[in-house]
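2 protein chains.
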Amino acid sequence: MRKVVIIGIGQTPVSEHWDKSLKELAGEAIFSALVDAGRTNVDGLFVGNMLSGSLNRQENLGVLIADWVGLKHAEAVKVESACSSGASALRAGLIAVASGEMDSAVVVGVEKMTDARPGETTAALAAAADADYEAVHGLSFVAINALVMQRYMHEYGWKHTDFALFSITAHANAVNNPNARLPFAISEEDYRKARMVAEPINLLDASPIGDGAAAVVLVPADSLRSRGSSNGRPLVTIAGSASATDTIAIHDRPNPLWLSAAALSARKAYAQAGLLPDDIDFFELHDAFSIMAVLSLEASGFAGCGQAPRLGLEGSISMGGRIPIATMGGLKARGHPVGASGVYQVVEITLQLRGQAGKNQLERARTGMAQSIGGSGATIVTHILRSE
Amino acid sequence: MRKVVIIGIGQTPVSEHWDKSLKELAGEAIFSALVDAGRTNVDGLFVGNMLSGSLNRQENLGVLIADWVGLKHAEAVKVESACSSGASALRAGLIAVASGEMDSAVVVGVEKMTDARPGETTAALAAAADADYEAVHGLSFVAINALVMQRYMHEYGWKHTDFALFSITAHANAVNNPNARLPFAISEEDYRKARMVAEPINLLDASPIGDGAAAVVLVPADSLRSRGSSNGRPLVTIAGSASATDTIAIHDRPNPLWLSAAALSARKAYAQAGLLPDDIDFFELHDAFSIMAVLSLEASGFAGCGQAPRLGLEGSISMGGRIPIATMGGLKARGHPVGASGVYQVVEITLQLRGQAGKNQLERARTGMAQSIGGSGATIVTHILRSE
Chain D
184 MRKVVIIGIG QTPVSEHWDK SLKELAGEAI FSALVDAGRT NVDGLFVGNM
234 LSGSLNRQEN LGVLIADWVG LKHAEAVKVE SACSSGASAL RAGLIAVASG
284 EMDSAVVVGV EKMTDARPGE TTAALAAAAD ADYEAVHGLS FVAINALVMQ
334 RYMHEYGWKH TDFALFSITA HANAVNNPNA RLPFAISEED YRKARMVAEP
384 INLLDASPIG DGAAAVVLVP ADSLRSRGSS NGRPLVTIAG SASATDTIAI
434 HDRPNPLWLS AAALSARKAY AQAGLLPDDI DFFELHDAFS IMAVLSLEAS
484 GFAGCGQAPR LGLEGSISMG GRIPIATMGG LKARGHPVGA SGVYQVVEIT
534 LQLRGQAGKN QLERARTGMA QSIGGSGATI VTHILRSE
Chain W
184 MRKVVIIGIG QTPVSEHWDK SLKELAGEAI FSALVDAGRT NVDGLFVGNM
234 LSGSLNRQEN LGVLIADWVG LKHAEAVKVE SACSSGASAL RAGLIAVASG
284 EMDSAVVVGV EKMTDARPGE TTAALAAAAD ADYEAVHGLS FVAINALVMQ
334 RYMHEYGWKH TDFALFSITA HANAVNNPNA RLPFAISEED YRKARMVAEP
384 INLLDASPIG DGAAAVVLVP ADSLRSRGSS NGRPLVTIAG SASATDTIAI
434 HDRPNPLWLS AAALSARKAY AQAGLLPDDI DFFELHDAFS IMAVLSLEAS
484 GFAGCGQAPR LGLEGSISMG GRIPIATMGG LKARGHPVGA SGVYQVVEIT
534 LQLRGQAGKN QLERARTGMA QSIGGSGATI VTHILRSE
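As you go down the protein sequences, you meet chains D and W in turn. Residues in the first sequence are numbered from 184 upward in steps of one, following the working numbering. Residues in the second sequence are numbered from 184 upward in steps of one, following the working numbering.
Treat the hints with care, as some may be off.
Copies of the same chain look alike in the list, so a pair counts if it works inside one copy or between any two.
[Claimed, not checked] Under the rule of at most 30 Å between Cα atoms (straight-line distance), these lysine-lysine pairs were calculated in the DSSO-like manner:
#1 K186 with K451
#2 K203 with K186
#3 K542 with K342
#4 K255 with K342
#5 K376 with K451
#6 K451 with K255
#7 K255 with K186
#8 K203 with K255
#9 K376 with K342
#10 K451 with K342
#11 K451 with K542
#12 K186 with K376
Hints were generated in silico from the structure; no laboratory data involved.
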């Protein structure tokens with residue numbers, strides 16, 4: 184397999200884009216990424232999206248978007264794995280380019296969620312769980328996560344406020360991100376007083392939905408050296424990529440507080456990159472709910488079982504800490520257009536590795552990890568990026 | 184890239200499966216394929232499906248099905264390209280195995296379409312076209328194809344009855360297929376008198392929807408020789424695989440009667456296999472409508488522009504003809520569970536290449552071609568299979 188590098192990135196703000204269709208959003212991110220890459224064409228297009236069938240009455244997204252952006256006759260396909268669809272699309276594009284099946288690809292994650300009838304989006308998101316055994320009982324996605332958080336607090340003795348730092352950190356980091364959905368800081372008091380959604384998850388434990396698209400352009404590293412087209416920027420390499428699954432329903436797992444699929448995909452990605460958790464400089468994790476940030480950190484080797492809240496309380500997850508998370512706001516404050524979030528994470532890591540993260544630039548950013556979760560820990564995709 | 188072989192196949196009947204859920208249908212095909220392959224496990228699962236989000240309120244299909252069939256922790260993902268989703272999933276699985284990213288994969292195409300409110304399935308299928316520029320005007324999928332057929336008859340001077348043999352042949356071949364949705368023969372009179380759907384497309388020009396699943400197990404060829412696990416059957420190799428796109432809307436094409444994406448993907452697959460159209464023994468084409476069978480034959484090099492109806496009239500497409508099509512009934516009579524059809528085609532080609540096609544066994548079946556179409560010629564995937 185060839186080493187693959189990210190030579191272009193693009194993103195739209197995560198927002199309520201009433202004036203833009205799904206393909207227009209995707210196009211905006213793709214055009215930015217192609218301009219950033221200094222290219223006008225690629226061999227293939229991989230679209231990460233979860234909800235276009237239910238919310239936008241649109242499928243065949245691959246060709247819809249390829250046609251719209253002028254990728255004439257290019258191979259194009261949509262990849263879906265619920266909220267990790269963007270990361271799964273990246274993996275599909277990566278395998279296609281790494282294997283030599285194609286010499287360049289653009290991967291776009293896109294979602295348009297806000298232009299829906301009341302309740303429609305919540306119902307559509309429940310499709311990430313087992314429709315016949317979970318959703319049918321009226322269990323919404325936030326309710327599933329609330330049960331997990333409740334259990335975690337019970338097992339390990341943490342209070343609700345012990346989770347505050349995950350949300351506070353994400354919001355603090357979003358302030359300087361022009362593409363963030365909620366670019367404002369919150370205090371611990373805000374967190375404590377936030378409206379309850381599904382006990383113990385309150386509004387500030389949960390990430391906001393949104394419309395948005397993010398894109399990356401992939402080429403094999405060897406094509407660059409011969410053409411010298413890295414534009415003088417540090418070369419961003421995909422050093423590790425892996426995906427694993429667990430049972431789709433949490434009630435089928437021996438331990439509902441252990442994300443096996445995160446542990447497996449992270450372990451595989453570490454091995455590919457020849458790294459250990461200690462070598463990761465920052466972690467764009469899937470903080471759709473604060474409990475998910477906690478479980479990701481534990482399964483990925485950054486904290487022992489039941490210990491991750493300590494990382495927040497000790498300052499380890501903030502910009503100057505041992506393992507900064509959500510450096511541009513994360514799902515919590517940049518926003519979570521579900522099928523796009525996995526690509527947003529990788530775009531943001533690339534900004535950090537290139538030294539283009541503006542006021543949020545980390546001092547040490549050589550190796551960043553992204554982890555994206557589809558369903559309640561059912562599908563988990565881990566990518567490790569490195570600057571060279 | 185490693186050479187990849189199909190070592191297991193499975194399928195359910197195409198029918199109205201009121202008693203089975205989407206995952207149960209998929210599971211049935213997967214279990215059959217694994218048993219046929221003599222395996223209990225694979226590294227990855229690729230699901231081809233178009234409509235689960237809109238008709239079944241279910242996404243995250245990869246892990247849903249992996250969990251159901253006991254592929255514990257396996258990488259799993261859904262691939263979508265409208266009616267060619269199954270073929271696109273096959274390509275994704277093929278690239279993953281050929282590249283060495285994984286050492287085995289199962290690809291399943293599955294669709295559950297009949298358990299829907301009246302009109303719901305037609306509306307859901309319109310998602311294969313451009314929602315903003317075609318579907319919004321009330322243009323259904325059959326209406327788009329009717330406009331194309333009308334145009335074809337006008338340009339080339341064929342009468343409606345000149346298309347009869349495509350439907351008659353498919354139905355004749357379905358009689359001996361226990362999995363066919365419409366396993367009965369039709370006469371030319373039946374064809375002429377069939378109820379009009381969207382002029383000039385009548386009920387016997389159109390394929391029936393249905394519920395169904397088909398699956399194949401892929402491994403690299405070199406893994407077989409060392410383990411000697413081809414079970415004494417001819418080895419079925421994927422000799423060519425390519426996908427291309429066109430504009431999503433027919434009105435944007437210079438010639439609405441030329442399937443550029445078919446021509447491009449077929450040309451690429453021929454080149455990979457080192458073959459010409461003359462070398463193809465039979466062709467499982469995408470006869471969702473008889474006009475699509477005609478256009479596929481022309482774009483794939485089996486007839487000149489405007490000439491394919493002659494292949495029907497001359498008997499070339501029947502079982503003893505030069506280029507038999509729809510040997511187990513095709514989309515027309517085996518049935519068209521949209522996201523599954525691309526995998527059904529490949530399962531049926533494998534049966535022919537193994538000499539397991541029963542009463543429909545072709546005398547000469549060394550090389551078979553499958554072509555699957557997503558949208559009105561928007562995404563087209565071509566595979567060439569060979570027995571060795």
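Comparing the hints with the structure gives:
1. K186 with K451: both (16 Å within a copy, 25 Å between copies)
2. K203 with K186: neither (36 Å within a copy, 44 Å between copies)
3. K542 with K342: Close neither inside one copy (33 Å) nor across copies (70 Å); limit 30 Å.
4. K255 with K342: neither (55 Å within a copy, 34 Å between copies)
5. K376 with K451: neither (40 Å within a copy, 61 Å between copies)
6. K451 with K255: Between copies, since 16 Å is at most 30 Å while 36 Å is not.
7. K255 with K186: Both: 26 Å inside a copy, 29 Å across copies.
8. K203 with K255: within (22 Å within a copy, 40 Å between copies)
9. K376 with K342: within (14 Å within a copy, 74 Å between copies)
10. K451 with K342: neither (33 Å within a copy, 61 Å between copies)
11. K451 with K542: neither (33 Å within a copy, 48 Å between copies)
12. K186 with K376: The answer is neither: 48 Å in one copy and 60 Å across copies each exceed 30 Å.
Violation of the numbered hints given earlier is confined to hints 2, 3, 4, 5, 10, 11 and 12; the remaining hints are satisfied by the structure.
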